[in-house]
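Q: As you go down the protein sequences, you meet chains A and B in turn. For the first sequence, this note's numbering gives the first residue as 128, with consecutive numbering after it. For the second sequence, this note's numbering gives the first residue as -7, with consecutive numbering after it.
Note that these hints are calculated values from the structure, not bench results. Hints may be right or wrong, so weigh each one.
[Stated by the list, open to error] Below, computed lysine to aspartate or glutamate pairings styled on EDC-like, alpha-carbon distance capped at 20 Å:
1. A:Lys273 x B:Asp225
2. B:Lys175 x A:Glu369
3. B:Lys127 x A:Glu380
4. B:Lys22 x B:Glu270
5. B:Lys124 x A:Glu277
6. B:Lys214 x B:Asp254
7. B:Lys163 x A:Glu277
8. B:Lys289 x B:Glu133
9. B:Lys163 x A:Glu369
10. A:Lys273 x B:Asp64
11. B:Lys163 x A:Glu485
12. B:Lys124 x A:Asp280
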Amino acid sequence: MANEAQGAQRHPRHVASVAIQVILIVLIGGLAYGAVFNAVRNLARAHIASGFGFWNNTAGFEISQTLISYSASTATFGRAFWVGLLNTLLVASIAIVLATALGFVIGIARLSRNWLLARLAGGYVELVRNVPLLLQLLFWYNAVLKSLPELRDSVALPGGGFLNNRGLFLPRPEFAPGFAAVFAALLVGIIAAIALRLWARRRQERTGARIHFLWPALALVFGLPLVAFVLVGFPLGFSLPEMGRFNVRGGLEVLPEFAALLLALVVYTAAFIAEVVRAGVLSVSHGQTEAAQALGLRSGTTLRLVVVPQAMRVIVPPLTSQYLNLIKNSSLAVAVGYPDLVQVFAGTVLNITGQAVEVIAITMAVYLAISLFASLVMNLYARATAVVER
Amino acid sequence: MRRLATALALAIVLAFGLQAACAQTLGAVKGRGQLVCGANGTLAGFGLPDPQGKWTGFDVDFCRAIAAAIFDDPTKVKFVPLTAKDRFTALQSGEVDVLSRNTTWTLSRDTSLGLDFVAVTYYDGQGFMVRKSLKVSSALELNDAAVCVQQGTTSELNLADYFRTNHMALKTVTFATGDDALKAYESSRCDAYTTDSSALFGERLRLVNPADHIVLPEIISKEPLSPAVRHGDNQWIDIVRWTHFAMIDAEELGVTRANVSDKLKSDDPETRRMLGVEGQYGEGLGLTNDWVVRIIKHVGNYGEVFERNIGQGSPLKIVRGLNALWTKGGLQYGPPFR
């Protein structure tokens, strides 16, 4: 009886709450619509071109690093957008991998019982994370990379590469058609290695016998492609960079702008990741380590099987933030002229078309999408490694 | 809850009621008590603040002339340094009243940016600077060269066009500011540096060893540099445009800073009309009739401004060339005061 009365009382309040929320949504929607409508009207009144028609117009400018084919005479502003986006993704993804590796090493080193190693790692973290990233970027670009030798005095690298203040020029691998077989062999090798690992683990769970699968797995992953490579008849050539009148021609070119941005992002973000890793490791109570040792596990195994899996649960959420910061920080490319999305699209394209509202809106949407995708992936990982509550 | 809804409703009213900043620029400038002028900030001879923060240059003096015409005081200008990238947005959004920053007049800029170019104050063209040690004597020998350029400029587009039409390979390295592009060139990141040839002379002097660099003879484009204002405010367009014409006509009629007060007693009817002794031409613009006297008294005529900032009276020593008066074989021509 009492319950019924309560339900009857709650009912109108519930309706009111839904109604208020609906009204709120309508109001916010109306506000957004009004702002857009007003902006469009004001743009038209000021005779500023609007809309996305510019996307298919010819760009007419050159870009120094293009991962997809691009020529100033035929490419469109849309093509320039994709070139910029790919350059952003390239530098961000490589930087994430390297910063994670460096960050883990330094984070673990800071916890080391070796006094010197721990102090060096601590000094690195304190120095790097307290100097603004932009300054570090300018330092790498202007102080380090610009002081490399000039073109005429290029450092010749063994194997036919060059290093000078215009970049690093390496032999570019050129794949003959038969190289597909090598990739196929690599794929087979990886699948076989995973299968081997699953089999080894299942066997250990069943019988308790540990099988060292590391060396056989490595042999599968690297050996199979190697065998295929020899059997198909060495389907790989290299195009060597050569010295031209003004520049090094051919080969694989690593721009100093790219190198500076990559270095700055890796060095800076690694310091933060190191702290995240340290916090994660310290969050695992010492009792866990002692218990593992009491069971007779060696310290490497203890770290790998007991400490790291528990630490990862603490590490992953803040690590996600660091990745997102890194992706967004890559837009500092503008300062050194690396042709990322902001430099190419929100810079040159914006200036030529003059359509600031559209270009900035697209750029913001792209960064939002990249960041949301990165957090989605990290959240999935975090969920997969979460403690299963029973 | 109700308070939140009211606040939202108010915000909607505000969003719908907002007006773009346009029209009546003269009224806004007068009300503010100063002109806001978008200038270069890093280009010697055209727009550059000295260590004391005092702005000088050819484009800077143009803004001072407008301020002199309105306020009878050439110091009532606030200069906003703008990069090539930001300049149009700053004008569109109303941050500056006039853009006087070595900007090339092109069709697409005139029609799609919501702004109007008023008059060509400087006829320019794009050139190249290279190191002497490269032993290059023509831009046509630059096949495969790396060229530093400021992004978002007509220079960037002309550069790509020029190399393409001459079937030459090109590596461009672009930077947000001309300063960064020049620094990169100096550190030999690039073989050549390109921009308007007027600027090249000034930029060359900023290098550590100017004598090690030469400007190539080719001029690869037409770069008519013009101040720009927002589209739609015709009175303001007239004021800015006629400020330039008044300085040209003053030079043609021999009116200078030194003799302007004597010229008020001149018998020449055109001079008398220009200086406001006869007629109400200044009031037609929304200014006072002695507006040209104010410009000449404080800033000088076109020739004086040219020589002082970029001509023989300056380190740049640029010759008048296309920018001589039409009576002397150049292109500068002012419509009559009548």
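Q: Does each hint hold? Answer for all of them.
A: Cross-check of the supplied hints:
no.	hint	in the structure
1	A:Lys273 x B:Asp225	48 Å, violated
2	B:Lys175 x A:Glu369	27 Å, violated
3	B:Lys127 x A:Glu380	26 Å, violated
4	B:Lys22 x B:Glu270	25 Å, violated
5	B:Lys124 x A:Glu277	15 Å, holds
6	B:Lys214 x B:Asp254	39 Å, violated
7	B:Lys163 x A:Glu277	17 Å, holds
8	B:Lys289 x B:Glu133	49 Å, violated
9	B:Lys163 x A:Glu369	16 Å, holds
10	A:Lys273 x B:Asp64	50 Å, violated
11	B:Lys163 x A:Glu485	29 Å, violated
12	B:Lys124 x A:Asp280	18 Å, holds
Hint violations for this structure: numbers 1, 2, 3, 4, 6, 8, 10 and 11, all remaining hints satisfied.
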